[in-house]
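For chain E, the structure is supplied; the task is to place chain U on it using the hints.
Protein chains: 2
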Amino acid sequence: MLRLQALAGRARTRAPTSIKPPGIAARPSATPSSLRNVRYASDKASNGSRRAPQVLTSGARPTLAGRSRVPNFFSNRITTDSTAKKPPKIPASLRIVYKAAAWIGIFTFVSGALVVGFFIFDATTYKEGPFLEDIEVSELALNPRRGGPKNLPIAEHLVDDDDSEEKKESKHKPKLVILGTGWGSIALLKGLNPDDYHITIVSPSNYFLFTPMLPSATVGTLELRSLVEPVRRIVAGKNGHFIKGRAQDVEFSEKLVEISGTGPDGKEHSFYLPYDKLVIGVGSVTNPHGVKGLEHCHFLKDITDARLIRNSVIRNLETAVLPTTSDEERRRLLSFVICGGGPTGVEFAAELYDMLNEDLTCFFPKILRSEISVHVIQSRGHILNTYDEALSRYAETRFAKDQVDVLTNSRVKEVQSDKILFTQKDDDGNLSTKELPMGFCLWSTGIGQTEFCNKLAKKLDGQHNKHALETDAHLRLVGAPLGDVYCIGDCSTIQNNVSEHIVTFLRTLAWEKGKSPEDMQISFSDWRQVAKRVKARFPQAADHLRRLDRLFEEYDKDRSGTLDFGELHELLRQIDSKLTSLPATAQRAHQQGQYLARKFNSIARAAPGMALNQVDYGDLDEAVYRAFEYKHLGSLAYIGNAAIFDINGLNFSGGLLAVYLWRSIYFAQSVSLRTRILLAMDWSKRALFGRDLMNF
Amino acid sequence: MLRLQALAGRARTRAPTSIKPPGIAARPSATPSSLRNVRYASDKASNGSRRAPQVLTSGARPTLAGRSRVPNFFSNRITTDSTAKKPPKIPASLRIVYKAAAWIGIFTFVSGALVVGFFIFDATTYKEGPFLEDIEVSELALNPRRGGPKNLPIAEHLVDDDDSEEKKESKHKPKLVILGTGWGSIALLKGLNPDDYHITIVSPSNYFLFTPMLPSATVGTLELRSLVEPVRRIVAGKNGHFIKGRAQDVEFSEKLVEISGTGPDGKEHSFYLPYDKLVIGVGSVTNPHGVKGLEHCHFLKDITDARLIRNSVIRNLETAVLPTTSDEERRRLLSFVICGGGPTGVEFAAELYDMLNEDLTCFFPKILRSEISVHVIQSRGHILNTYDEALSRYAETRFAKDQVDVLTNSRVKEVQSDKILFTQKDDDGNLSTKELPMGFCLWSTGIGQTEFCNKLAKKLDGQHNKHALETDAHLRLVGAPLGDVYCIGDCSTIQNNVSEHIVTFLRTLAWEKGKSPEDMQISFSDWRQVAKRVKARFPQAADHLRRLDRLFEEYDKDRSGTLDFGELHELLRQIDSKLTSLPATAQRAHQQGQYLARKFNSIARAAPGMALNQVDYGDLDEAVYRAFEYKHLGSLAYIGNAAIFDINGLNFSGGLLAVYLWRSIYFAQSVSLRTRILLAMDWSKRALFGRDLMNF
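First to last, the sequence lines map onto chains E and U.
Using full-length UniProt numbering, the letters of the first sequence correspond one by one to residues 1 to 696.
Using full-length UniProt numbering, the letters of the second sequence correspond one by one to residues 1 to 696.
Okay, chain E solo, but in the shape it has when bound (with noise of 0.2 Å):
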């Protein structure tokens, strides 16, 4: 591109340069890279004579090149001095051609440019050669002892231990262990210091899977790759440890977590992973809600789900159009029911009503179409019943208006492989049983605890919760030894004990000041106190604690100017039962892994510190770090070229420009720039070809 412009600097001082006639001006041809080829027949712009430059444009007759004199396309009406004669008009649809084929020539030219580059650097990115290194592995990592309660191998070294300068450096750093690969475990891995600890990251897929955008890869708007980026390569970047396996215990007194991968043989072997830390990021499975014949359900939690609802939609078109087939049965084939209105069974209805609606027609034969009805079975009243009730209002009139059958206060009873059998209760209150043929089920209707986690439930002390391992708020497992085990994510959930904490805290300090607690009065500023200690501890509680004055005054009901010990419970009590559990969603789990590690840096950073000062190693947290709070960011939806949007109390929905606003969200929050493009990539592909109705 200097070039370029050296050269037409060099015309514009000197000479005015020849453009061809209009026919050749306007074609392609006439593009900056021909300008490399202009030679200046004069090279002194003194000599008087002016002789137009020869384009030597291969095409382009020379005989022509040098008939008229009028400006080049980027210099226009140019004087070297004020002696020099007028150059003849050239009428200005003329100009506005030359122009125009200017600007193509350079669009061309940048983008040839641009491919070159690529292509050059394509060229840097293979490898030669074969792989001639000379590796170190310690003993102990290709043969690791035996040990613990059941007397397993202890992965105390790992063989990559040694793979490079930074890996040596973290060999000796306090193990921080962590399950899972979802958004909390991903989160917290990317906001760690590569250097402050030795990183292992354990879970039986190599990968994180972006869900909020699963529906779209159930009907191929996205492809499955698109939505998912190895665990491995995020990895790399924090000189951690990977290793495909499946957490089964963890032995707390000994510091070993359990884990099982399947072996050579097929078969599952187990081992201990040692960790001075350890991050509970397991998720959760399926709620099968106690529903018979779940098997002939599809469920949408991983990405080879969306590959097999995909498989498994094409099958049912292509059987419903067999000549066998009756027409019976192909209206049952083509019956498509998903069972949970919530945000993940809605978006899955509207992306495969978009599929059915906008590609299916062109290719299959119309009777399917006709013959085609989506059901959604809500237990609630209405679909999407976590968000604002005009949003959900909204996103009903838009099924109704698309044919999607939506069937509300409806509970499944059983599934069996042609239909579901469901009771509905009517305004009135009446239940009454009912049965819908079906093809395809989809179950989505919440989630449950992880076998793991149950385990882990029964062995510890303090824990209540019968669908997630409880934390305190700075995500502590409650019961396992302060500071060594984390649970973040939909496996786990915080403790909302605020009158418990806050009434111990008390009677220590009335027993320390030699009083009985039942005789303590609160005043106001003893409550101040009590309510500051409150908002740090639990955060989430500090919405309900604004007005300080009126709280005092409401439960103060004796009119004493002080509160009682009892009055106090009792405004704690009502606390904690308006504090309801996090929702178990992606933006939860995201949050608080950016939580742990932006703790786990500062840890790191006190910890040399603390040791001096002989802190014990379990209380550096509340000494280091702030509880976690949850910050609502809001909730969106996608519902069939429209979207829902609830973002910090502001509703709104709309059609495509808020499917482009829906899709920028989820662009942003993705997770690389891998995955990025192939979202674009994805969504222009569906725009030029459709989706691709194949199944393999």
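The set of hints was computed from the structure by calculation and includes no laboratory data.
Possibly wrong hints are sitting among the right ones.
List of simulated lysine-lysine pairs, DSS-like, C-alpha gap at most 27 Å [said to hold, decoys possible]:
1. Lys-167/U to Lys-366/E
2. Lys-458/E to Lys-434/E
3. Lys-366/U to Lys-175/E
4. Lys-127/E to Lys-238/U
5. Lys-171/E to Lys-190/E
6. Lys-292/U to Lys-267/E
7. Lys-267/U to Lys-127/E
8. Lys-267/U to Lys-292/E
9. Lys-366/E to Lys-238/U
10. Lys-366/U to Lys-168/E
As the structure is a computational prediction, the values presented were derived from the model and not from experiment.
Just chain U now, kept in the frame of chain E:
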């Protein structure tokens, strides 16, 4: 863009426009779009004051904008008339900076315009509202009558026969049924005129697979979906029909083909599809060569195979890293064995090597790379033995450099779950039995006949080949009623019975003339007539009939000047023996498909006239079209950052440039714009992000 130019033009003829100082000008904000904000302070050029226009670009301080009076980017040294003062000179370096900023701006603007354009296009691709259309479906399509030898439903009408005007018109055209969606069938389909036949294509897979690049998909150099094109998309352009089913049998006398499809209950249901013309292009299966234990092997014929291989390779790598895997097991897991040194095997070995060399070491422990071994077991003396010897030696040298172990003259005896037993012949011809531990085995040793073809071959007279269905030179299936059934691609072979055909012909001729054939004397001019007939009937024999005089002399052993019947017979037999059967390649199938398409188009054009002249339907082929002639266009193979070419006898090989050529050839041959764009995306993706090492 036009608006921009107009403004630039105004600036040029009126007043020197201001530019921002270098610090701002060099920033991307100095783009053409900012020019749209230029406000001319004095609107008339004649007022003499010629104030500089204010550039109101956000971010640029207005005070700076008016400070210096220098030309704008597009028009340097502009004067409105000869009395104008010369503007102050600016240094060349600064000018280049301005220029560069302007070019960047132009490029940004044009790219931006393209993106906006794309979004506008994208917005038009979403369909709103439900499907409300009346659909005609004939009663016979919904409830087909039963019949045929097995009393199965006969699909005389299909559910989409009335879906469009074009389809309604083709309803009463001759029924052309194509079995298979491989190279031959798709080339045939793409070449057919849309209105001549009622086209139905039947295959168990609803996509066309671009087989030559399949090895690239096994390790993630290309994505699976980039290699496949939905058949329904191709069929739609021909107003054709697609049925996802498997051909089971053909009732030649009743012109019915028996198809089975997977019904709603998951079981196979059979029906008959009537045809007027049937084209069999069902391909081949893997040839087990009688070796035991192939259940431990992977194959590479279908897109699903590529997915399974990819998963299996990554799984082996992940398992090899587990602390429970011993050193010996690790080495076995990382021993990749390829049985068969043909193009598929060699290209897979090359792709595997690429992945291990380029991507593995970045993300997996280095110990893997040092313990990996790739072995190719080849029964012949060289790999790629169908190529020129120089090329196969080049490939062997390349593999030797890359530490890919090539075991020639070796025959696999048995595959076990963890090792392969094979016999190797040394240079002295001594056999020795060896074993090779393996963690992954690919079996790609040639092709065998499908069960369906086997069944047909047994049913028909004149079928002697055990590996493929025999056709005449017009690709008509031997033994089936003339002009009804054709056979193309890997499942077919052309009978090279030159002598038999000619001898029969001569016998008939002799009898007609009342002579005994044994007494015939064939003069040189007779021989030229015979040779002409042979060339027309068996185009493949033309190469062996170049020097007719020499052949005549050679076989005229009694120097009589004429050939007697015996001598001629011997000559023709020699030619027969020299004719090899055509290679089972995509190229051959593609040419056969194209040939049939052109012939069928001719037949459709000629048929009405022929019928008037009472020409028998079966003889139409020879009347309207020449026999099939295979033109070998060359072979190419990828061998790991290098490629070899054997094009029309011109052999060459090379590194990266050859690889780009190899890609270009396949890029050009790719089936649709969609696959081409996807291929380009995949190659870019590999360059930018490498292969993604995930399994799901």
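Consistency of the hints with the structure:
The suggested pairing of Lys-167/U with Lys-366/E holds, with an alpha-carbon distance near 12 Å, which does not exceed 27 Å. Pair hint Lys-458/E plus Lys-434/E does not hold up; C-alpha atoms about 39 Å apart against a cutoff of 27 Å. A threshold of 27 Å between alpha carbons decides the hint, and for Lys-366/U with Lys-175/E the separation of about 21 Å falls inside it, so the pair holds. Taking the CA atoms of Lys-127/E and Lys-238/U, the gap is near 45 Å; set against the 27 Å cutoff, the hint is violated.
Simply put, Lys-171/E and Lys-190/E have alpha-carbon atoms about 19 Å apart, close enough for the 27 Å limit, and the pair holds. Note on Lys-292/U and Lys-267/E: the hinted pairing holds, with a Cα-Cα distance of about 24 Å set against a maximum of 27 Å. With a CA separation close to 50 Å, the supplied pair Lys-267/U and Lys-127/E exceeds the 27 Å bound. Between Lys-267/U and Lys-292/E, the direct Cα distance comes to roughly 24 Å. Compliance with the 27 Å bound is thereby established for this hinted pair.
Among the hinted pairs, Lys-366/E with Lys-238/U is consistent with the structure: their alpha-carbon atoms are about 17 Å apart, no more than 27 Å. For the hint pairing Lys-366/U with Lys-168/E, the CA-to-CA distance comes to about 14 Å; that is within 27 Å, so the pair holds.
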